[in-house]
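Asker: Listed below, chain by chain, are the residues.
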Amino acid sequence: MTTTHPSDQQQRGTTPQGNTGNRVPRRPKAQSRAPWILLAPFLALFLLTFILPILVAIASSFTKVTRKGLFGEAGVTSEFAWFSNYAQALSDGNFVASIGRMFLFGIVQVPVMIILCTVLALMLESTSARWPGFFRAAYFLPYGVPGVIATILWSFLYVPGLSPLIDIAGMFGLEPDFLGPNTVLWSIANIVLWSYAGYNMLIIVAQLKTIPVELYEAARVDGATTWRIARSIQLPLIKPALVLTTVFSIIGTLQLFAEAQVLKTVAPSIDSQYTPNLSAYSTAFAYNDYNVAAAQAVLIAAVALILSFAFLKFSNRKSS
Amino acid sequence: MTQFTRRQLLGAGLGTAALGMLAGCATPGTASVNGGPVIAPVASGEKITLKYWSWLKDLQKVADIWNESHPNVQVETVWIPGGNSGGYQKIFSALATQGGPDLAQVEMRSIPEFMLVNGLVDLTRYGAQETAHLYDPTLWSQVSYTGGVYGIPQDSGPMGMFYQPAVLEKVGATPPATWNEWGEVAGELRKTDAYMDCFPLGDASVFAAFATQAGAQWFRAEEDGWVINMTDPATMQAAEFFDSAIDKDLVQTAYGAFSPGWFAAAAKGGLASVTSGSWADALIAGVSGGEGKWRVAPMPVWDGGSGFGSSYLGGSTAAVLANSKHPKEALDFAVWMTTSKEGIDAMINNSGIGWSPAPGFIGTTRQKPSPFFSGQNYNQEVFEPATLQQNPDWSWWPVTTQSLNILSDGFRKKATGTSLVETMSIAEKQIMTVFKNKGLSIRREAS
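In order, the protein sequences belong to chains P and R. If you read the first sequence in UniProt numbering, its first letter stands for residue 1, the second for the next number, and so on. If you read the second sequence in UniProt numbering, its first letter stands for residue 1, the second for the next number, and so on.
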């Protein structure tokens, strides 16, 4: 966990690598073959199930199929289409809207998630915490519930007529609509928060545990308050974990799929292209437009890559 | 074993990748089986097993009846999720990899979509025309395209109005005969805090059925391509009617029929009726405490004397998929299942199918009064006549799912002020673009 700090890695990287060239000038054949043989099963699967599909998807995203006649009975042609599938994907208002929706979701969800899991972790690791083991398990438990099941559970709390929450709100004269066009996105955010806050909290707790006790003791001798300890010792030292959980949350936002797909059955306001992933899924398997779907998938991957790297770059620059 | 250098390994990897890319470049579904040779039936004595993917429950029990009398043609059923909730995705991906079962359940409206990816066998090549007379002509026309037959109708849903007499009585109403009367009753019901029905903004297929009833024909296959007209007077009449119903808050739009919210409201008497396909009877039987509280009336008709008495909502077929090695046997099984008395009864009793597409026999249990529906013999009273009052010209088209989604997306904007009427003409343009993107020729009906 501690080595994820990027500047750490750079420093350590220099020394051992400089040595390797001198220490082992020539290895016996068997010895140099061994790693490849041991790696072969992994490499084969990695190429077959990871690299190859990516290449096929990229190739597919540049192909266009044109049918003639009523159903293509008069001929079907496939041709290299440059960026026309990308143009078609980006001119699809619903797909663009889904990307916008995802950004909105991420801008709100990621900070809320990080703040919540940091606060939970700090509270559990503070000296005055009661039964930290129990609460740690309790907060982590939702992560053990698969996303689909979690959404079904929550949908019973969202659906009018079934939801006790709505009934209770009704007693106070409120009529919350969890599944309306403007609220359903936040209902999904709530499910995601419930599912993953405990998991992210655990990553931060693990990092908190690595802080040497001496630091706390020294701080207390100097008369630091709990708040001061959190601000000046814990937060700076758990930064690698915060970076990691933020990247997880950004990627998670881009992969939003199951929650929206399941909640669709009870929320009329969720359309078939609500999130970018749902959009690619519908385009491929409901509209049978594999080429445009491939273009959408490549676009989503590109956005994920850019966002993750931009965030890492940004957090690196701030630390140096 | 030779030693691999890193470069060789990389080369080999890239080589495999390039091969894969070549294979991958052939976008799935671009070759047709219907141009190839007809596959002969298997020789007698040879034993084969047919696979049937379907979302009907306990369908294996139906197949078992067939299996008993046909030891050489065994049918094995595999359950898949219903239609677009995952089943089609599964079938499409199986077809894309040159696999898939012999038979699959395909909704009427999705037949052209499967044809577009060359997923279906033209059954006229295996003698389907000889069985045409056994089926409802309206449904048969919905599986017939360009001289071929691409699925055997297995269930359908003539529409009627399921209602709760006690809720209607609160405002002194009886089931309305016309949509205008329906609107008046709905207005009265709003004063008692009940709704007449839902209008599903998220599922345009219901609106399509209402428009069909009014006499719409959105698509027509012509020699030179498709002809679209989604803004004809019949469709506009239906769109204007529901625009005004939603504006006056006469219909519930927060949830659709048979969703968890609907069941909760229906059980509390907050919904007076649901106009739906005949298959809704099995769903309404799931309303808690609903026994004896529901009856069935004919669907309200459109005012002005135009249109038809009913409409079909939903309905599916047993279609023979392109990669089947035994299309003739698969067709025989499908015809047995949907036209023989034992097949129909078994499908009703085990799988709870909708309306049987064979007009000769509606099913033994459906000839009797139903205790749940207040002892009403509603199948013979309401739905059997409804099958004779259908719009025969309605035809589905190759991008139905996407088109209905485009419509639903437009309907959802009703909340922000875009009327259904406006949505129809916007959607029409968008759907034409979808056709053109696929290279299919389409033109607007000259008005």
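Incorrect hints may have been included.
Said to hold, decoys possible - Below are the EDC-like pairs computed for lysine to aspartate or glutamate, each with C-alpha atoms no more than 16 angstroms apart in a straight line:
(1) R:Lys438 - P:Asp92
(2) P:Lys264 - R:Asp203
(3) R:Lys248 - R:Glu188
(4) R:Lys436 - R:Glu130
(5) R:Lys438 - P:Glu73
(6) P:Lys264 - P:Asp177
(7) R:Lys413 - R:Glu188
(8) R:Lys436 - P:Asp167
(9) R:Lys293 - R:Asp303
(10) R:Lys57 - R:Glu76
(11) R:Lys325 - R:Asp345
(12) R:Lys248 - R:Asp345
(13) R:Lys368 - R:Glu381
(14) R:Lys414 - R:Asp247
(15) R:Lys191 - R:Asp249
(16) R:Lys414 - R:Asp249
(17) R:Lys429 - P:Glu79
(18) R:Lys413 - R:Asp393
(19) P:Lys68 - R:Asp203
(20) R:Lys328 - R:Asp64
(21) R:Lys414 - R:Glu181
(22) R:Lys61 - R:Glu76
(23) R:Lys268 - P:Glu79
(24) R:Lys368 - R:Asp393
(25) R:Lys368 - R:Asp332
(26) P:Lys68 - R:Asp224
(27) R:Lys341 - R:Asp64
(28) R:Lys328 - R:Glu130
(29) R:Lys438 - P:Glu79
(30) P:Lys68 - R:Glu223
What the hints assert, rightly or not - Computed footprint of chain R on chain P, listed as stretches where at least three residues anywhere in the stretch have a Cβ under 8 angstroms from a Cβ of chain R:
(31) 154 to 162
(32) 176 to 190
Keep in mind that the hints were calculated from the coordinates and are not lab data. Backbone N, C-alpha and C define an ideal beta-carbon position, used for all residues, glycine too.
Asker: So, for every hint listed, does it hold in this structure?
Answerer: Quick rundown of the hints versus the structure:
Proximity of lysine 438 of chain R to aspartate 92 of chain P is assessed by CA-CA distance (about 14 angstroms); at most 16 angstroms being required, the pair is judged to hold. Simply put, lysine 264 of chain P and aspartate 203 of chain R have alpha-carbon atoms about 11 angstroms apart, close enough for the 16 angstroms limit, and the pair holds. For a cut-off of 16 angstroms, the pair hint linking lysine 248 of chain R to glutamate 188 of chain R stands: about 12 angstroms separates their Cα positions. Distance check on the hinted pair: lysine 436 of chain R and glutamate 130 of chain R sit about 36 angstroms apart at the alpha-carbon level, beyond 16 angstroms; violated.
With a CA separation close to 13 angstroms, the supplied pair lysine 438 of chain R and glutamate 73 of chain P stays within the 16 angstroms bound. This hinted pair checks out: lysine 264 of chain P and aspartate 177 of chain P have alpha carbons roughly 15 angstroms apart, not beyond 16 angstroms. About 27 angstroms separates the Cα atoms of lysine 413 of chain R and glutamate 188 of chain R, which puts this hinted pair outside 16 angstroms; it is violated. This hinted pair does not check out: lysine 436 of chain R and aspartate 167 of chain P have alpha carbons roughly 50 angstroms apart, beyond 16 angstroms.
Distance restraint check for lysine 293 of chain R and aspartate 303 of chain R: the Cα-Cα separation of roughly 29 angstroms exceeds the 16 angstroms cut-off, and the hinted pair is therefore not satisfied. The hinted pair formed by lysine 57 of chain R and glutamate 76 of chain R meets the criterion: a straight-line CA distance of about 13 angstroms does not exceed 16 angstroms. Proposed proximity of lysine 325 of chain R and aspartate 345 of chain R is contradicted: the alpha carbons are some 29 angstroms apart, above 16 angstroms. A distance of roughly 44 angstroms separates the Cα atoms of lysine 248 of chain R and aspartate 345 of chain R; the hinted pair therefore is violated under the 16 angstroms criterion.
For the hint linking lysine 368 of chain R to glutamate 381 of chain R, the alpha-carbon distance of about 11 angstroms falls within 16 angstroms, and the restraint holds. Distance restraint check for lysine 414 of chain R and aspartate 247 of chain R: the Cα-Cα separation of roughly 9 angstroms lies within the 16 angstroms cut-off, and the hinted pair is therefore satisfied. Note on lysine 191 of chain R and aspartate 249 of chain R: the hinted pairing holds, with a Cα-Cα distance of about 11 angstroms set against a maximum of 16 angstroms. The straight-line distance between the Cα atoms of lysine 414 of chain R and aspartate 249 of chain R is roughly 12 angstroms, inside the 16 angstroms bound, and the hint therefore holds.
For the suggested pair lysine 429 of chain R and glutamate 79 of chain P, the alpha carbons sit about 26 angstroms apart, so the restraint of at most 16 angstroms is broken. Straight-line distance between C-alpha atoms of lysine 413 of chain R and aspartate 393 of chain R comes to about 30 angstroms, which puts the hinted pair past the 16 angstroms bound. Restraint check: the Cα-Cα separation between lysine 68 of chain P and aspartate 203 of chain R comes to about 30 angstroms, which exceeds 16 angstroms; the hinted pair is violated. A threshold of 16 angstroms between alpha carbons decides the hint, and for lysine 328 of chain R with aspartate 64 of chain R the separation of about 19 angstroms lies outside it, so the pair is violated.
For the given pair, lysine 414 of chain R sits about 24 angstroms from glutamate 181 of chain R by alpha-carbon distance, which is inconsistent with the 16 angstroms threshold. Between lysine 61 of chain R and glutamate 76 of chain R the CA atoms are separated by roughly 10 angstroms; this keeps the pair inside 16 angstroms, and the hint holds. Straight-line distance between C-alpha atoms of lysine 268 of chain R and glutamate 79 of chain P comes to about 58 angstroms, which puts the hinted pair past the 16 angstroms bound. Distance restraint check for lysine 368 of chain R and aspartate 393 of chain R: the Cα-Cα separation of roughly 32 angstroms exceeds the 16 angstroms cut-off, and the hinted pair is therefore not satisfied.
Annotation: proposed proximity of lysine 368 of chain R to aspartate 332 of chain R is violated, straight-line Cα distance about 30 angstroms (limit 16 angstroms). Restraint check for lysine 68 of chain P and aspartate 224 of chain R: the C-alpha separation of about 10 angstroms stays at or below 16 angstroms, so the hint holds. Straight-line distance between C-alpha atoms of lysine 341 of chain R and aspartate 64 of chain R comes to about 15 angstroms, which keeps the hinted pair within the 16 angstroms bound. For the hint pairing lysine 328 of chain R with glutamate 130 of chain R, the CA-to-CA distance comes to about 13 angstroms; that is within 16 angstroms, so the pair holds.
The suggested pairing of lysine 438 of chain R with glutamate 79 of chain P holds, with an alpha-carbon distance near 13 angstroms, which does not exceed 16 angstroms. Proposed proximity of lysine 68 of chain P and glutamate 223 of chain R is supported: the alpha carbons are some 12 angstroms apart, at most 16 angstroms. Beta-carbon proximity to chain R at under 8 angstroms applies to 6 residues in the stretch 154 to 162 of chain P; the threshold of 3 is reached and the given coverage holds. Here the stretch 176 to 190 of chain P counts 4 residues with a CB under 8 angstroms from a CB of chain R, which clears the bar of 3, and the coverage holds.
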